[in-house]
Amino acid sequence: VFSKPVCRWSLVVMAAALAGLAGLAGAQAKASAKTLTVCQHGCVYTTIQAAVNHSGRGATIDVKPGKYVEGVIVSGHSHDGLRIVGLGKKPDAVLLEGKNAHGPAGAAQNGVEGDNVNNLVLENMKAEHYAANGFFINDCHGYLMKNLIAGFNRGYGLFVFKCVGGRMTQSVGYGHGDSAFYVGGTPPQKHPRTTTPDHLLAYRNVLGFSGSNAKYMVIRDSEFYDNGAGVVPNTWKPEPYEPASDGVIEHNLIYWNNFDYFRPNSPVKTTNGGINGQNDNFPTGAGVMLFGTARWTVKENSIFGNFLWGAAAFSDPTNDTGKAISIDNRFVDNKMGAAFNDANGSDFFSDGSGHGTCFTGNGAAATFDTNPTTSDLYPTCPSSAGTGAVAGNPTQVLKLAAVALAKPPTSQEKYWHVHPHPARKSRKPYEG
Amino acid sequence: MMLMTMTRHRRSIAVVACALGAAIAAPAASGAGAVSHKPKPVVKKVRVSDNFYSSTKVGITKGSAVNWVWSATNFNTHNVTLIKGPKGITKSKFTSISGSRGLHFKRTFTTPGAYHFECTIHTSMNITVTVKR
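For the protein sequence lines, the chains are D and C, in the order given.
Per this note's numbering, the first sequence starts with residue 125, numbered consecutively.
Per this note's numbering, the second sequence starts with residue 143, numbered consecutively.
Here chain D stands alone, though its shape is the one from the complex:
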């Protein structure tokens, strides 16, 4: 019979041995994960795609500086945990070029496309001129997009769809026909995993950030300027998992979003009939627009110099599912135009639809786009005010419609309150 201390020591020794075995197994698994190197001359792999084709779970693909004219496709869970990392000192040292790049069935569409790959890591690269998007991750659990640059791709810069959790960070997007950064189609989750877009810089895009039916998201510590509109989570019927819900927009700089991409010589194009082929246009000159969202909080941001609205909330009565309705959105403790001596057209616009949209602590000088027929458009938080329906206050809805349906689209500029901005270091206001 063992004495108790001996028994304890035995257990400790056994546990240590087991832990050692587990560690060894982990180390072996790690050791078996491949590292493949890509370069244009003198490497086994001269294209990133070739390296992807020979990689597996947990592999790392190191890409040496150079210009890679290809559209990389990573497909299936046999690539879970794959890391594609540019080895340059800066992201633009590894350039994925979409011009003249060809894929299996025509033009290369995305710099990198990941389909059904969990925890894909894309790091330290630049993608430009692709027929669709710079970097695209579709249908996944977890991802990291870090230190990426996307410029002048037709749709989105960094595009994430139908993913559970993930992070895009320290990245830049400019010149996109839709948004620089997009996270949308988030599946509903019982125990939500947060998606974090942070430390992003978006300028001269149709939209800085957008996400149709985006959920469980914290957009923080980023800068959105000189876009048509800055940050636009929205509920949209053609994409799955309506509505956009449960998000936070915090600690961001959102300013000068007065890029009128409808002007004839705009370097950025969008569809003639407006965004997404619809006949209506997203308003330009807006900092934040919560378009048919539920439980989004906009807090502690600096929002200024947007010629139409600093921040707005409204429903989409054209969506016949009834899910694009403003519910319990909050605008709290933001610093608005007056704090920067750089007014927004109005700091806030609400159409009064749905219920629970409220405004607190945004400064005594905050301005509200009001009308004489109602006094409860901008209640303090918490609140249950609102029409309770997708249809908002008729006067506000007419104002919104006048902007969205302006023909030609450039004529929506007549609703802007134009003025010069105080200078900001390394930034120039750009209206198109």
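Derived from the structure by calculation, the hints contain no laboratory data.
The model shown is predicted, which means the values in this text are computed figures rather than measured ones.
There's no promise every hint is true.
As the list claims (entries may be wrong) - One-sided excerpt, in silico: chain C residues whose CB lies under 8 Å from chain D:
1) PHE217
2) THR219
3) SER242
4) HIS246
5) SER266
All C-beta atoms, glycine included, are put in the ideal place defined by N, C-alpha and C.
We have chain D already, so just place chain C on it with the hints.
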């Protein structure tokens, strides 16, 4: 007797039917100088646009193909993904990559049945291809 007569009669009918069948079948089999009733395989084009396929239903015969062609005016990203098809069909073989423009996706259908496709990004975009024998 009656039974024998009927049996003979049936046999006669069977012989005549076989002969007729052979006569009908022979030209099709030989193919020389006769009109074939087997439809020629075709390629049907479907446009992939923001945010719809140009057709929601396509009917083809076995051996025909559908070629999806992305519109040059697109800004959104779309794909063609087989959601449901006949038994034994590998879905991945009937699933395109995602793209905006300058892309095409052609597939030949050799197994009869109904194939339901969707753009998984814009799920309101869908099309059923019905393949007949």
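Earlier hints that do not hold, by number:
Nothing - there is no hint that the structure violates, so all of them hold.
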